[in-house]
Every structure is written in C-alpha cells, then in structure tokens.
Amino acid sequence: MIKDPSSAIVSQLAITIDGQQTTFTEGETIYQVATRLKKNIPTLCYDDRLDAFGACRLCVVEVEGIRNPVASCTTKANDGMVVKTAPPKIEKMRKTLLEMVASENRQIDVNPLRGLASQELSTLVNKYGARNDRFKGAKSGTSNLKDENPFILRDYEQCISCYRCVRVCAEQEGDYAITVANRGFHTQITTEFDSDLRDSDCTFCGQCIQTCPTGALADKKAIRAETLSEPVKKTRTVCPYCAVGCSIDLMTKGDKIVGAQPAMDGPANKGALCIKGQFTYDFIQHEDRLRKPLIKQADGTFKEVEWDEALKKAAEGFAKAKAKYGRHSIYGIASGRAPHEAAYSMQKFIRAGFGSHHIDNCSRA
Amino acid sequence: MAGLAAQIGRGAMSNPLADMDKPDTIFAIGTNMTECHPVAATGLKKALTKGAKLVVADPRKTRLAELAHLHLPIRVGSDVALLLAMAHVIVRDGLADEQFIAERCADYEEFQKHLKEFTPEWASEICEVPAADIETAGKLYGSAKLGAIYYTLGITEHICGVDNVQSLCNLALLTGNLGKEGTGINPMRGQNNIQGAGDCGAVPANYPGFQPVASAESHEKFKAAYQQPDMDLGNPMTKVTALNLCGAAENGIHAMLINGENTVVTDPDKNHCEKALKSLDHLVVVDIFLTETAQMADIVFPASAWGETDGVQANTERRVQRLRKAVPSYGDSKPDWWIIAGIAKELGIPGFEFESAKDVFNELCSLSPIYKGLNWDNIGDGVYHWPVPEEGHPGTPRLHENEFKDGMRGKFKVIGYRDPAEVIDDDYPVWLTTGRRLQAYHTRTQTGRASGIDYLLSEETLEIHPKDAEDWGLIDGTMAKMASRRGEIELKVETTTRSPRGTVFTSFSFADTNVNILTGSGYDPITQTAELKVCPVRIRPS
Numbered sequence: 000m001i002k003d004p005s006s007a008i009v010s011q012l013a014i015t016i017d018g019q020q021t022t023f024t025e026g027e028t029i030y031q032v033a034t035r036l037k038k039n040i041p042t043l044c045y046d047d048r049l050d051a052f053g054a055c056r057l058c059v060v061e062v063e064g065i066r067n068p069v070a071s072c073t074t075k076a077n078d079g080m081v082v083k084t085a086p087p088k089i090e091k092m093r094k095t096l097l098e099m100v101a102s103e104n105r106q107i108d109v110n111p112l113r114g115l116a117s118q119e120l121s122t123l124v125n126k127y128g129a130r131n132d133r134f135k136g137a138k139s140g141t142s143n144l145k146d147e148n149p150f151i152l153r154d155y156e157q158c159i160s161c162y163r164c165v166r167v168c169a170e171q172e173g174d175y176a177i178t179v180a181n182r183g184f185h186t187q188i189t190t191e192f193d194s195d196l197r198d199s200d201c202t203f204c205g206q207c208i209q210t211c212p213t214g215a216l217a218d219k220k221a222i223r224a225e226t227l228s229e230p231v232k233k234t235r236t237v238c239p240y241c242a243v244g245c246s247i248d249l250m251t252k253g254d255k256i257v258g259a260q261p262a263m264d265g266p267a268n269k270g271a272l273c274i275k276g277q278f279t280y281d282f283i284q285h286e287d288r289l290r291k292p293l294i295k296q297a298d299g300t301f302k303e304v305e306w307d308e309a310l311k312k313a314a315e316g317f318a319k320a321k322a323k324y325g326r327h328s329i330y331g332i333a334s335g336r337a338p339h340e341a342a343y344s345m346q347k348f349i350r351a352g353f354g355s356h357h358i359d360n361c362s363r364a
Numbered sequence: 000m001a002g003l004a005a006q007i008g009r010g011a012m013s014n015p016l017a018d019m020d021k022p023d024t025i026f027a028i029g030t031n032m033t034e035c036h037p038v039a040a041t042g043l044k045k046a047l048t049k050g051a052k053l054v055v056a057d058p059r060k061t062r063l064a065e066l067a068h069l070h071l072p073i074r075v076g077s078d079v080a081l082l083l084a085m086a087h088v089i090v091r092d093g094l095a096d097e098q099f100i101a102e103r104c105a106d107y108e109e110f111q112k113h114l115k116e117f118t119p120e121w122a123s124e125i126c127e128v129p130a131a132d133i134e135t136a137g138k139l140y141g142s143a144k145l146g147a148i149y150y151t152l153g154i155t156e157h158i159c160g161v162d163n164v165q166s167l168c169n170l171a172l173l174t175g176n177l178g179k180e181g182t183g184i185n186p187m188r189g190q191n192n193i194q195g196a197g198d199c200g201a202v203p204a205n206y207p208g209f210q211p212v213a214s215a216e217s218h219e220k221f222k223a224a225y226q227q228p229d230m231d232l233g234n235p236m237t238k239v240t241a242l243n244l245c246g247a248a249e250n251g252i253h254a255m256l257i258n259g260e261n262t263v264v265t266d267p268d269k270n271h272c273e274k275a276l277k278s279l280d281h282l283v284v285v286d287i288f289l290t291e292t293a294q295m296a297d298i299v300f301p302a303s304a305w306g307e308t309d310g311v312q313a314n315t316e317r318r319v320q321r322l323r324k325a326v327p328s329y330g331d332s333k334p335d336w337w338i339i340a341g342i343a344k345e346l347g348i349p350g351f352e353f354e355s356a357k358d359v360f361n362e363l364c365s366l367s368p369i370y371k372g373l374n375w376d377n378i379g380d381g382v383y384h385w386p387v388p389e390e391g392h393p394g395t396p397r398l399h400e401n402e403f404k405d406g407m408r409g410k411f412k413v414i415g416y417r418d419p420a421e422v423i424d425d426d427y428p429v430w431l432t433t434g435r436r437l438q439a440y441h442t443r444t445q446t447g448r449a450s451g452i453d454y455l456l457s458e459e460t461l462e463i464h465p466k467d468a469e470d471w472g473l474i475d476g477t478m479a480k481m482a483s484r485r486g487e488i489e490l491k492v493e494t495t496t497r498s499p500r501g502t503v504f505t506s507f508s509f510a511d512t513n514v515n516i517l518t519g520s521g522y523d524p525i526t527q528t529a530e531l532k533v534c535p536v537r538i539r540p541s
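Protein chains in written order, with numbering that gives the first Met the number 0: chain A, 0 to 364; chain B, 0 to 541.
Check before you lean on any hint, since a few could be wrong.
[What the hints assert, rightly or not] Computed cross-link-like contacts, DMTMM-like style, restricted to lysine to aspartate or glutamate with a CA-CA straight-line distance of at most 25 Å: (1) A:K295 / B:D331; (2) A:K312 / B:E389; (3) B:K60 / A:E98; (4) A:K88 / A:E98; (5) A:K37 / A:E61; (6) A:K255 / B:E249; (7) A:K319 / B:D280; (8) A:K312 / B:D297; (9) A:K252 / B:D309; (10) A:K37 / B:D380; (11) B:K277 / B:D309; (12) A:K269 / B:D23; (13) A:K232 / B:D309; (14) B:K277 / A:E303; (15) A:K321 / B:D280; (16) A:K135 / A:E170; (17) B:K220 / B:E389; (18) B:K144 / B:E180; (19) B:K412 / B:D380; (20) B:K357 / A:E170; (21) A:K302 / B:D280; (22) B:K466 / B:E487; (23) B:K324 / A:E147; (24) B:K324 / A:D248; (25) B:K60 / A:D248; (26) A:K291 / B:D331; (27) A:K219 / A:E308; (28) A:K311 / B:D280; (29) A:K291 / B:D309.
FYI, nobody ran anything at the bench for these hints, they're computed from the structure. Predicted model only: the values in this text are computed from it and were never measured.
Chain A extracted, bound-state conformation (with noise of 0.2 Å):
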C-alpha cells in the first residue's frame, strides 16, 4: 500500500521552546525535547536514567496559556505547546530556590573527587549567584558518621533530598537498600532500620556516591586523595573483572591511580558499576606487585635480574626441551583476564613457535 506522502508531516508533533520550533514523539516530557536543543535548563532531581521525579522545582518552565510554572521534568510535551525555559520571572524564582537549598547546606563546595555529580549544587549555585546568606534558619540531615565501612561516607549535613539515591538504588540497581525517614526539616536518607550499610541490603555498588548533587555521599577511597596536589585526570576504560565489560574512568593523580566513577555512556553499562569496578583498582599500585623479572636459584629462592638476562634463559629453557623431547613437548596456558593482545601471542608463540596447537586458556576451570 502506498501511504500518502503528506501524512507522515501532518501527523508529526511540533512544539516551540524559546523561539525555536521542534518537532517530539508522544511520550516525552518539554525537558527531553529541551535538552536536544541544548537548551540548558538547571535540575538537582534529575538523572536521566531515573523516573522523572519533579521535587526541586529548577526545571520549572513558562508554557503559554498555563498561569503557574511548570516543571519541564515531568510534563510531556504537547501539540503546539508555546514554552519558554529562562524567561526572568523564571530566572528569579530558580535563584530563590538555591538559595533556599544553600542556606541549609553547611557546605557548598566539595572536593570533585567525592563523585561524579557532586559539583552539580555548587557550579548552579556560583551561576545564580545564590551564596548569599538570603536566608538563615533551619538546617536539615544529620550526617552519619559512626557508619565505618570504608567506601562510602554518609555526609547528611550536605543532602538537599532531592532522593536521588534513593531512586537509582530502586530503579537502576533494584536493590531498595535506602530509604527516606520523615519529611520537611526532618527528612533524614537512611536504611531499614537505621543501621549500617553493611547490615542493610546495600552492595556497595556506588551509584548513590555518584548520583549525589552534592556530594552528601561521598567516595571514601577516593577522597583520600584529596591533599595530593595535582589536578585529577581521567582515562576511560573497561573494568577488568566480569565479562560484562562497564566503561569506567579511572581517576589520576599524576602517576597515581586515586579512585574510578561509570562512564554515563559506557555501551554495556550506561553508568553502572559494581563494588569490583568502583572500588577494587588499587590492586594495580600494590606494593607486592613484581618489579622486575626473577630467576630461581639453586636454593629455590628467587634473584631479581635485567629483562635480557631473563628473556634469554626463559628462551633457552624451551630450545632445550624441544631439541631433547621435541617439539610437542612445550605447552602454552593464556589467560582470559588480560587482552587481547596477551591472548593473540601466546597463541602465535606457540602455533609460529613449535608447529603445535598445544595451547589453552582458563575457561574450562
């Protein structure tokens, strides 16, 4: 059947946000269709991989027609909707709104490396200029800091309950190990119970760490780092544990490997971690790691010698087998925890090397 031409732009939906028409699918909000015009429209509640939650008001948008504010996060974009995202009556109540945040948070500024979003409240803060002591009163969350596991801290003093945490743990990792007690000045983010993370269903996965605006859940390994004073660098890579294979970008401090945070668009994990990928890298620094080659001596311990001394004797110990069993007598085990690479030239070493397919790796332990 052949479709009428005209019916694929007749039926297409169109808004217009600051001036600029666009066109949406049904189903999303004025914020999604916003952000693809990169319109820059200020959030503490959002994550873009949690439910759209609509509790700290910054999105709020002017849309024709509709007397009050609306948030951008939670209303779907219609036909022929009028909206305009920073219009100053719109500007001045987002101003308002931190302030209100800044005044009862202790601290605005905190250290990058206690995760991903922590700079979120204090770069929207310095934008509109709201660290102005406007208003003074109440403070709410009451930090915990008698909770000794070592990853993550539970800074409450810092938290602006915007439930981020509570949601990612739900939604993304489906763990519900948090929880939200009381409400208003009293809100308090807690577990079943109030205990301990350990006690509770927590594994430690870190996305509470990273999801956090402001850094109220902190990465305790990473800020150990805090004092080094060079800047902090990032490389993106793939975790080395599971065969999932998370983007993670492992964090640096000159020569220093200092922590690691999800890459938000890794392809196989779209932001998520577990406690291996965000919290067990040190291994890499550790002073048991071997530094340089090792001969056995006669006495069965070891000496440390140049890599030409120990690349000839390892070479000459396989000339020697072959030439008294011959050349099926050698054997290669690879491994399938280092790359490709590695894996490639074993098998070359010994295919190129002896002829034979006296090769294998650990995947049938």
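Here the structure of chain A is known, so what remains is to put chain B in place on it, guided by the hints.
Relative to the frame of chain A, chain B by itself:
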C-alpha cells in the same frame, strides 16, 4: 561453547546485554548473576519491574532465586533431567514453535520421539523438586512471546556440561526463541576477556576467529602466515590433558609458558596440579604478582597491569572495547605481548616484530574473519559486536537473525540424563557445590589487595542449612573439617537457608580454604571442563 557451536554455529551469547530488560519470560539456570555479573543483573531486575516472569533453577536460594516467580532448587548435577522434562511439557502441550522448527531446524522427529518418556514425574525423582513445579516451568517458558535463557558456569562445570548446554539450546530451538530481540540463549562469560581469549585463538581447537585447526584451509592459511612449515593439521591438546602429561616419559609435556593464570589455586585437584608443574624441566610464568603458581616457576616475568597498558578486550556480548593506559607500568614491568614477543625473538620465531599493542591487534584482525572489519582505530567507542565481516559493516549485536551461521539448520540433540562423576554415598553423604562471591574475584590476587574489601568479606565460610548443621553437630561460627576422596580442608560454618538440605556451598576465592583440594572428580568428555560444581563430601566438627 563447543556445545552451542555444534548446534547453531556460534558458541557465544546470542543477544546483547541491552536486551536483558526486554523478555517477558526469563529462564535463569546455574547463574548467580546478582553476585557474579551484578550490572547485567540490573537488566533482569528491570524486566521484572515491567512484569516479566522469572524462573530460576539453582540448588541454592540465591538473591536471583529470591526474586523469581518460580525457584526450582534442583539437586546439583540434575539439570539435564529438568530440561528434558520441560521440553516434554512444551511438546506435549503443543507449545512448540512448529513454523520455526520447520523453517530453521533439523533432527526434530528423533528428538520429539526421545522426549516421550521423560515426564515431569520422572524428572521430579532425579531433581528432587515437585513435578508440578517442573510442569509450570515448562509452560511458562513454552508460552513466552519473548523467552530468554541465561546461564553461567553452574551449567558448564559438570561432566555433562555439553549435555546441559545442548539441552538448553534444544529448548530455545523448540520455542523459536532465537534471533529476536529479548530472546536467545545467553551464556554469561566469567572473566573480562575470556571471550577474547577464544576470539584470539588461545584455545587448542581453533586458530584466531574460531577457524578450526582441523580444517585444511585454515591449516594452509596459518602455515603461510606464521611461516611454520611443520604446522600440525589438527592434533589439539587441552590444558587438562597437558597437565596429565607433565613429565611423562611418552608424549610428555616438559616446558610450559603460563600467562596470568593462578593454575594451582583455580584448577581442580590442587595436588595433582602442583605435582604436574613440579615435574616440568622448565616453567615460565608471566604475572603481576608472585602468585602460588609463579612461586613454582623457574623464571617469572613482571607484567604491566590493567590501567598500565593499552589493549583490547571483548565482553560477554562479543563487544570489542579498548583498554587505555592511565599510569606508567609498575617497576620494570612490561606488557604481556612485549614479554612473549621478547622470548619468541630470542628463539628466532619469525613475526614478532611488534612495536605496540596496536600492531598486535591489527595483525589479529587481518587473520580473523569475525574481526576483519575492525582495526585499532575504529573500535575506540566500543560500538562493534563481532562478527564484523568487512569494514563499514555495523557489527552483529544479535546472532541468528534470519539464519544460523552459513545457512546451517539448528540441530536438535538427543541427550540422556547421567549421574555426576561421583555421587553421594555412606562415606561421602553431602553434596558440595562451589562458586563466587560478590566482593571477591577468583583467587583474590586482585580484590584481596584492594583496601576495604576485608570489611565486607574477610574470610571464607561453608554455607550449611541450619537443620543439617544441627544434625551433624555443627555450630554457626565454629570450625568444621570437610573431606572428599581427594583431600580435606577446614573452614568456618555459616548456617543459612541459602543452602538446601543436604547441599553445602563455599567459594574458591581464599587460598587458605582452598576448596579445589577437594574438587576434580571428573571432566566433560568433549570440552574437558572439570566438574567443579559437584563433589560429594563428608563434614565433621573440628
């Protein structure tokens, strides 16, 4: 992997990880996914919130089992019986996808006939779960619109590992759950680059890209590429056979190169393994730590670790991704490929003039049909799933769409149930099964050296059902001795209802409670995978 390849042409995960939240019915068997592949498990949890049904077959009440609509706590090693009976129910109730079978499969009639006698009642006796639950499992998977199977080493580490895999593949063929989004037969690979090790040809039966060593065509190709006139046509040898032949007078293995494997801790039957390595004239180990295996070597080379080298790895969904160097190599350590090439050059083996990881990877791509369209420069964003047969090809996230490899038909396999290599008796009356824990990886050479992990997991325990512990005179937190036909170890008792009655569990992560002193009762005759998941033991208070 060999099992799947024989039936549907490719021994790899059929569907991408992105499909995990899409099935309406999930059958997870022999996979402790929330602990072993936690990030993948989040996909399944999302499917559940969208209303998917989850059937879990696992002797233990894992976290995944707790999330399941139906948990089948089958006796260890009884998988084939369960899968036969599920297939029986699907055929009996007319739930088979006749059109898919007619268009894409072979050997169905024989399989259909074979199934007749394997009723849920028959399987119930072997699996020790109610026949009604087996019925329900068969009906749930059989009537799924989008049914997906996920499994791990709980399926493969048996003497009947290939039978288990092929029985699962029979179910997928029977219901047409292949080649579509949100379906498939999905082995979750264990290690970061175990898929890659196979892709690269570090397996006895295949050259890089799964080109069989027994094929005359591949033989000629690699004889020329590797300048090796004496290349064997066929004649592969697995590691298991090699370890058996170490030091042997006839056809013996006398020299070995081991790269990054702690063989004596991870492999079954530790004593046998140690004896084998000791009998070698020459053992060279390349690793980042002086592991238990490295300590046995004549020469140990310090390798650069993850984070210190550039490289490539392939994940469980055949996605080829770049590893990047973030810090300089520790001490004088060097990349694995550089070390291996160094030994090769000393021996005068041609073709090891690599100057970078890029050179090595690009050579692999040039020789592997499934990597032909890949190169160092186009894999940066990790968007490609192999096969990528030519440059410009978008890659293959989903296998078996429209046809199986090279137009082959999906083969039903006629499989019968057999007992594990060892079964419980009066001397060894308890089933032991082994696995991993969330906070530890393998032999803890890495996670054991990460600060903070000890706070959550400082020692290994033996998980025993509280009633069994009571019957056997064991108290939670005290020590017990556990013996198999191969040895004895001592470890701390943890009473938990995660273990079913009569079956105990421990991980293989701690060298001081090395459970692989006990394991090693038998091997799959085709793949030579060890039966690490089943070992009869006896347990007594220390």
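The hints, checked one at a time:
no. : hint            : verdict
1   : A:K295 / B:D331 : holds, 18 Å
2   : A:K312 / B:E389 : violated, 42 Å
3   : B:K60 / A:E98   : violated, 50 Å
4   : A:K88 / A:E98   : holds, 15 Å
5   : A:K37 / A:E61   : holds, 17 Å
6   : A:K255 / B:E249 : violated, 51 Å
7   : A:K319 / B:D280 : holds, 9 Å
8   : A:K312 / B:D297 : holds, 9 Å
9   : A:K252 / B:D309 : holds, 19 Å
10  : A:K37 / B:D380  : holds, 23 Å
11  : B:K277 / B:D309 : violated, 34 Å
12  : A:K269 / B:D23  : holds, 22 Å
13  : A:K232 / B:D309 : holds, 17 Å
14  : B:K277 / A:E303 : holds, 22 Å
15  : A:K321 / B:D280 : holds, 11 Å
16  : A:K135 / A:E170 : violated, 35 Å
17  : B:K220 / B:E389 : holds, 19 Å
18  : B:K144 / B:E180 : holds, 11 Å
19  : B:K412 / B:D380 : violated, 39 Å
20  : B:K357 / A:E170 : violated, 40 Å
21  : A:K302 / B:D280 : holds, 19 Å
22  : B:K466 / B:E487 : holds, 23 Å
23  : B:K324 / A:E147 : violated, 33 Å
24  : B:K324 / A:D248 : holds, 11 Å
25  : B:K60 / A:D248  : violated, 35 Å
26  : A:K291 / B:D331 : holds, 5 Å
27  : A:K219 / A:E308 : violated, 44 Å
28  : A:K311 / B:D280 : holds, 16 Å
29  : A:K291 / B:D309 : holds, 20 Å
In the structure shown, a violation is registered for the earlier hints numbered 2, 3, 6, 11, 16, 19, 20, 23, 25, 27, in ascending order.
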